[in-house]
Amino acid sequence: MKQGPLTDDIALSPPRDWFERISADQVLPSVTVSYTPRRDGSRNNWADRHGMDDDQLLALIERDFLNGVMVVEYAPNDRDGSLQIGIRGSAWELSLAQRKGESTGAALGFLRGVTKLKYANREQLVRLGGIDFEPVWDESSLDLEELRSRYSEIKRAMAAIEHRLKHPKADASVRDSQKLHGVARKQYSALRAMMGLLKLKSEQEEHTFEAEVIDRPDEAFETEEEDQTLEESLVVRLKERPPADLFDVGARVELSDGERRRPWRSSVNSVEEQKKCVELVLDFPASRLPVGSQVYINNVSRFGMWAHQKAIEEFLNENVSGYWRNIAQLLCSPKTITPPAPESTIERFYCDEQPGAPKLNEKQREAVTGAVNAPSAFCIQGPPGTGKTTVICEVVQHLIARGERVLMVAPTHVAIDEVLRRIGARPGVRAIRLSWDDSRIAEDVRRYAPSAVSNPLFDAIKAPNAEKLKNWDSERKRLTSFEQLLSEYVGAWDVEHNTQNSWAASKKQLTNFQERYNREQPVLLRKLENGQDKRPLIERQSQHMMSALQTAHGALNDIESKAGFGSRLLSIVGAGDIGAAKKSVRQAKQDHLLSERELSSVLESIQEATEGLEKLSGDLARFHREEEELRNDYSAAVKDRSRLDSLCSQADLLHNATLAEEWAVNELERLTERIKRLSIYPGLSDSFGGLLDSDDGATLDSDAIEKDVVSSANLFCCTTTGVAGSRELKEASFDTLIVDEASRVTDSEFLIGAIRARRWVLVGDENQLPPYVEQQDEHFIHALSALYRSEKSGMELKEAVDELGNLWLEDEEQHKFRNDSVQRVAEELQVSGIWKGTYRKIFSNEYKRLQGQVDDPTRALLEAMRNSIVRSLFERVVKSCPPAAKVRLREQRRMIEPIARIVSEPVYGGDYVSPDEKDMAAMGVIPLKTSTFTTPISFLDTSSLGKRGSEELIRNSFVNRSEADLVVKACRILEKEANLLDRKHISVSVLAFYKAQARLIREELSKHQFVKLRFSVIDAIDRIQGQESDVVFISFTRTHYGRSVSPMFGQWLQDVRRLNVGCTRAHSALFLVGQRELLGKLCSNDDAMAFYENLHGLFERYPEDMKVIKHLDVSV
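In this text, residue positions in the sequence shown follow the working numbering: the first is 269, and each later residue adds one.
Check each hint, because a few of them may be wrong.
With a straight-line cut-off of 25 Å between C-alpha atoms, the simulated DSS-like cross-links for lysine-lysine are [to be verified]:
(1) K467 / K998
(2) K1378 / K1275
(3) K998 / K1197
(4) K384 / K998
Quick list of simulated restraints, FRET-style, between CB atoms [as the list claims (entries may be wrong)]:
(5) N1113 / E615: 54 to 60 Å
(6) E630 / M1191: 17 to 23 Å
(7) P695 / V1279: 55 to 61 Å
(8) K1252 / V559: 30 to 36 Å
(9) F781 / S420: 41 to 47 Å
(10) K1280 / N1074: 47 to 53 Å
These are calculated hints, taken from the structure and not from any lab test.
C-beta: ideal position from N, C-alpha, C; glycine also.
Using the sequences and the accompanying hints, generate a full structural model.
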């Protein structure tokens, strides 16, 4: 047989975040995107399509792009050949077109549309320096060609870095990531090896058996749901005896009647070995198959963890939707998780707006705030009844409101259905409930199954063809008129934008010139005033200089007329009276010339100032006129567009639609395309109708419709393992994964959904039930490890089995049963030759591969089983994650305070409180008391019965017939006395620490008829968690007689998690059934001792609430 890749190493490529850390300088520049904001209550199609306003959507995109982007080139614009690109983040994509600014001519990156990616973008992203969104009229520059070019350069650089990493001479940042990767590989290699061995085992044990449905009428009696039966079980008789342990309790089977194409899946509730045959009681409704039906039973491959194995391999190969480092930190180094920022807040809580809904308390609000704002992971610790589901619903609404796709999972269908029941119909929530079998979904939420959502749509499509033809023609005519109206409307928007841009440019020019006017006008005024002030003085000075010149000329003429020859001769050399008179004339001329020049300068200054003022005033008036004209043009355009608004709003097609340009453009395109299609539909009518009416065509179309319905959902709900098996989620990715009941989810189970998400919210209680693991798988790995250890060390096989068996803490008897069972499996493998022929070489290879990573590979495999499968991830994370990355809820509203008191101190250290009695009563939570049971908490003590109350060991489990009898008596008394209570029905759960005891009690109760009591569940505590009831019975089952008790005795009774779950299922009354004196002697761990010490003390301190009953008398 070819073994496949079990022994091959997984190729571990360098983590993606190494690229970011090494290439920190490889960053795209900040970008500013131009968009058309909504105005006057209008709406943007690209925002409304996602159910948000502009600010909400743009803020969400900014946050997404902080994680990095990629630039995608689209085909050029058909009209002008301009560049169009997309900027794509992890969850969102912007469609941008290159445009030119009206006023500045700048290159703008105009937002054409926004797309929510169906699946998270797993491509390597490039860091973006930042992104802003500004109105288009601001004309903020963004050159798309430069952005595309820079992105290409960075991609080439990143490729070079990747090449360098594959041959690393690593720096410190790379070594840190290598260390984290090494821790992850070491932590999960043993688990991967173990799953490989289980897978190989499963391939060799597939069997099919013929069987017959038989009648077991005593198996059913009424439950709290009217006209239903308690876990109505199908019983089949196999026609041949199966191999030992093939159909153990809990084993998964496939059931087929030979006609159904897809078999039903179920599990084995109990196995009844008769002398000549084997009968199986299946977890399957008996009403589905009549008695006498011939069926085929196929044991489902015991390897129920194929999805776990695949998820681990995907994780180690870094094939995840989010950042590998974030999920690796959560799994391998929780203390390094980045908590929400301290200033994170939420302004609005949806529960505050829902009439009648209880308001969140302080801790619940803190939990919602943390979960919504956590960068990668957040934990919510929710003790019983503290409102985990309420918190989850609030978180889901916030995530959906910001455009996220949410995956909600839990290990049980009950938990998933409860969340869906509360949130499925809330505004904005488009929920899908996924399951391999719709019968597993609660009936009241099956309407969210894909087929239930899509079938009505498909039925609507299959309307009569004749009617469609008539409707198509009518619609085409109607839409044509709307198309014309919308075309005019779109044109009006263009005119409005053009006039608005022109007006904006004019206002800007006016503003700029006004500033210039304000600067220059005062200067010119001062210049004019100065000139006007100087002019009279200078004119007077000029006239005075002219008079002086005339006087000088007159004096010279007078002297010359009287002068003799001597005087004239002296004047030649400038001497004498004549010379002096001439000098005076020259000086007077010079003074007159200077005064004339000064006067001319002042006159020129006055003229320049006057002309400057006139020009400034004229230009200012011109700019005002232009601004006013353009403002009027814009007003006229707005009025025209408003007129068309009114016409469009009155149209039937557009009635109540809030209009905007982007919407109108897109709607016009849609109408044009629709009219085109309506024109050709009649010609396709016959063939189209024939296709729909055919079986194959109907199947194809219904599948397509169902696919579309699923792709449009924003909340997906399924079980933790159902994620992998769902064809609807095969390639899907999510923004956030929410895990309810996370305390029951293992690492590998968590990874099934986690690798598909970018953020993770874990909700659970580490003090409740741990994960459940198949006992056969445990025993098989134990047997292989013991066989290899025995051969390698030379020790006896039994010694190796016992040594490795010490890893489990169990009851002494069960521990012996484990080792005996493992010994038997190991011997069968040895004797049959399967160990030697199939497993030895593979186990040896795994051993050698693990040898360099762990000290003891054989123990490592069993510890991988115990730590990574039996122990939950949640338990490990909450112990070491930062305090700010988790919140513990503390106020419970499920049960009366006396019941909560039992677990408050020993389990939660007192940090578990209840509202006062009046508030609880207002919520319908009140103590249940009767004339026999006068306190809400009763201990039905079997101590006085002595040996008559002893336990019995049946195979690997225990029963106690005396306790079963007490439970039945108490139920009969309650049934009788409940008639006096103001309750229509009383829901009851009966829980036991052992499966065999639960089956015994179920059988005994089925012998009696109950009307008032409705039994919710009768089962082992390990198999329940979400169920609640008015009344809960807990059967401890075990007994011991003697002074001291071995520390290994009654290990399950000392598991505080089981005790916590059992007690806190009750609302109004709790019955503890067992040997009371034994519980005080159990001593294997301090937590259990503290629990029972507290319990006994409460019976002494609160006799009004708690009472010990040693005898019950039933008189019916």
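For each hint, the structure was consulted:
1. K467 / K998: Judged against 25 Å, a Cα distance of about 22 Å means the pair holds.
2. K1378 / K1275: Holds, because 24 Å separates the two Cα atoms, which is no more than 25 Å.
3. K998 / K1197: Judged against 25 Å, a Cα distance of about 52 Å means the pair is violated.
4. K384 / K998: 19 Å, holds
5. N1113 / E615: 54 to 60 Å: With a Cβ separation near 58 Å, N1113 and E615 satisfy 54 to 60 Å, so the hint holds.
6. E630 / M1191: 17 to 23 Å: 19 Å, holds
7. P695 / V1279: 55 to 61 Å: 41 Å, violated
8. K1252 / V559: 30 to 36 Å: Taking Cβ atoms as reference, K1252 and V559 lie about 34 Å apart, which means the hint holds.
9. F781 / S420: 41 to 47 Å: The hinted range 41 to 47 Å holds for F781 and S420, with Cβ atoms some 45 Å apart.
10. K1280 / N1074: 47 to 53 Å: Distance hint for K1280, N1074 holds at roughly 49 Å.
Consistency with the previously given hints fails for numbers 3 and 7, ordered from lowest to highest.
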